[in-house]
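Asker: Chain B: place on chain A using the hints.
Residues per chain, in single letters:
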Amino acid sequence: MTISIKKELDSSQTILLLMSGIEYNKTMVKVVKELSGKSVCYVTSNKTFDSLKETFKKNKVEFKDMVFIDSISKSLKKVPDSADQVYYVSNPGALTELSVVIGKFLRHDFDYLIFDSVTNLNIYNKTPVCIKFINSLVNKIKRSKTKAVFYAVGEKLDELPEHISSIMDRVL
Amino acid sequence: MAKKILIVDDEADIRNTVKTILEKNGYEVVTAINGDDGFKKWKSEKPDLVLMDIMMPGTPVKDVIPKMKGAKVVYISVVRTSEAEREDLMKSSNIKGFIQKPFDINNLVKQVKKFVGK
Numbered sequence: 001m002t003i004s005i006k007k008e009l010d011s012s013q014t015i016l017l018l019m020s021g022i023e024y025n026k027t028m029v030k031v032v033k034e035l036s037g038k039s040v041c042y043v044t045s046n047k048t049f050d051s052l053k054e055t056f057k058k059n060k061v062e063f064k065d066m067v068f069i070d071s072i073s074k075s076l077k078k079v080p081d082s083a084d085q086v087y088y089v090s091n092p093g094a095l096t097e098l099s100v101v102i103g104k105f106l107r108h109d110f111d112y113l114i115f116d117s118v119t120n121l122n123i124y125n126k127t128p129v130c131i132k133f134i135n136s137l138v139n140k141i142k143r144s145k146t147k148a149v150f151y152a153v154g155e156k157l158d159e160l161p162e163h164i165s166s167i168m169d170r171v172l
Numbered sequence: 001m002a003k004k005i006l007i008v009d010d011e012a013d014i015r016n017t018v019k020t021i022l023e024k025n026g027y028e029v030v031t032a033i034n035g036d037d038g039f040k041k042w043k044s045e046k047p048d049l050v051l052m053d054i055m056m057p058g059t060p061v062k063d064v065i066p067k068m069k070g071a072k073v074v075y076i077s078v079v080r081t082s083e084a085e086r087e088d089l090m091k092s093s094n095i096k097g098f099i100q101k102p103f104d105i106n107n108l109v110k111q112v113k114k115f116v117g118k
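Sequence order for the protein chains is A and B. Per the working numbering, the very first residue in the first sequence carries number 1; after that it's consecutive. Per the working numbering, the very first residue in the second sequence carries number 1; after that it's consecutive.
I should point out that these hints are in silico values taken from the structure, not numbers from a laboratory. Since the model is a prediction, treat every value here as computed from it, not as a measurement. Treat the hints loosely; a few may be bogus.
[Said to hold, decoys possible] If you want a taste of the chain A side facing chain B, the calculated C-beta under 7 Å gives, among others:
| id | residue |
| --- | --- |
| 1 | K47 |
| 2 | T48 |
| 3 | D50 |
| 4 | S51 |
| 5 | E54 |
| 6 | I72 |
| 7 | S75 |
| 8 | G93 |
[Stated by the list, open to error] In silico lysine-lysine, DSSO-like type, Cα no more than 30 Å apart, as pairs:
| id | chain 1 | residue 1 | chain 2 | residue 2 |
| --- | --- | --- | --- | --- |
| 9 | B | K67 | A | K74 |
| 10 | A | K60 | B | K101 |
| 11 | A | K126 | B | K62 |
| 12 | A | K140 | A | K30 |
| 13 | B | K110 | B | K62 |
| 14 | A | K58 | A | K26 |
| 15 | A | K74 | B | K101 |
| 16 | B | K91 | A | K53 |
[To be verified] Taking CB as the label site, the calculated pair distances span:
| id | chain 1 | residue 1 | chain 2 | residue 2 | range |
| --- | --- | --- | --- | --- | --- |
| 17 | A | N139 | B | S44 | 46 to 56 Å |
| 18 | A | V129 | B | M1 | 42 to 52 Å |
| 19 | A | N139 | B | F115 | 40 to 50 Å |
| 20 | A | D109 | B | V116 | 52 to 62 Å |
| 21 | B | T59 | A | V129 | 16 to 26 Å |
| 22 | B | P57 | A | P80 | 15 to 25 Å |
| 23 | B | A12 | A | S20 | 16 to 26 Å |
| 24 | B | I21 | A | K26 | 27 to 37 Å |
| 25 | A | N139 | B | G117 | 52 to 62 Å |
| 26 | A | N25 | B | M90 | 18 to 28 Å |
| 27 | B | K114 | A | G21 | 24 to 34 Å |
Don't be surprised by glycine CBs; every beta carbon is placed ideally from N, CA and C.
So that you can see chain A by itself, here it is in the shape it has in the complex:
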């Protein structure tokens, strides 16, 4: 990825970032590196919070100003509802819960929101349900000052990214 996501977010409030599975690790690190230093809310349905921390530490990414919403860990192990820097949501299918938690953060006007990823969300929820959820989330973002980047991982534009691309300001 040669583009600067930070520059793109200067002119677009919501971006759908398409990447292949091979590019995923490199791209997600690059995006977080670019946005670090600002307040970031990182929503994950792909890696656990611990796995993200491990990746960021390995790649020397500063993440002290980030808050994470982890929808994976509760299904894998015993975790509290929240801990330092992280809020745990039951599972990636608990969209109401996820929506409520993200909504709380949006009220605090974070600079950026990273949604990792719509593709993984689609594994646990049917496409029309995901479209409705992303649509509602984008509307909430539009009413806030937060700028958001949504990851879609895959070799081609699948049904869900194709549908939600129309509600994003920009698709990269």
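Answerer: Quick look at chain B alone, frame taken from chain A:
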């Protein structure tokens, strides 16, 4: 007699693909769509190995695994965990392996052979 493998995955594509490949390799395959279904099939079918997706709708896999006493289970995971989390997940005596999705099908067959033989 062919060894029996139980595939537990909520993704029909994965279930069908893995089933076809394992059958081609001489295994008898049964499938289940989630943890609860997997537990039922494990009791009734008595498979030699269970290939279990780690994240599925319904009862969390972490609550199903302890009920499957004596089962040989290999986790299949689309979600990425940290090294420490993976080690923790592998602590249960019936967890024999961990395969990250997307997986190489030859590696999957190799793992199955390793745990149950041909």
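Asker: Next, verify each hint and record whether it holds.
Answerer: Results of checking the hints against the structure:
no.	hint	verdict
1	K47	4 Å, holds
2	T48	5 Å, holds
3	D50	4 Å, holds
4	S51	4 Å, holds
5	E54	4 Å, holds
6	I72	5 Å, holds
7	S75	5 Å, holds
8	G93	6 Å, holds
9	B/K67 - A/K74	19 Å, holds
10	A/K60 - B/K101	26 Å, holds
11	A/K126 - B/K62	23 Å, holds
12	A/K140 - A/K30	26 Å, holds
13	B/K110 - B/K62	25 Å, holds
14	A/K58 - A/K26	12 Å, holds
15	A/K74 - B/K101	20 Å, holds
16	B/K91 - A/K53	22 Å, holds
17	A/N139 - B/S44: 46 to 56 Å	47 Å, holds
18	A/V129 - B/M1: 42 to 52 Å	43 Å, holds
19	A/N139 - B/F115: 40 to 50 Å	49 Å, holds
20	A/D109 - B/V116: 52 to 62 Å	55 Å, holds
21	B/T59 - A/V129: 16 to 26 Å	20 Å, holds
22	B/P57 - A/P80: 15 to 25 Å	23 Å, holds
23	B/A12 - A/S20: 16 to 26 Å	23 Å, holds
24	B/I21 - A/K26: 27 to 37 Å	30 Å, holds
25	A/N139 - B/G117: 52 to 62 Å	56 Å, holds
26	A/N25 - B/M90: 18 to 28 Å	22 Å, holds
27	B/K114 - A/G21: 24 to 34 Å	26 Å, holds
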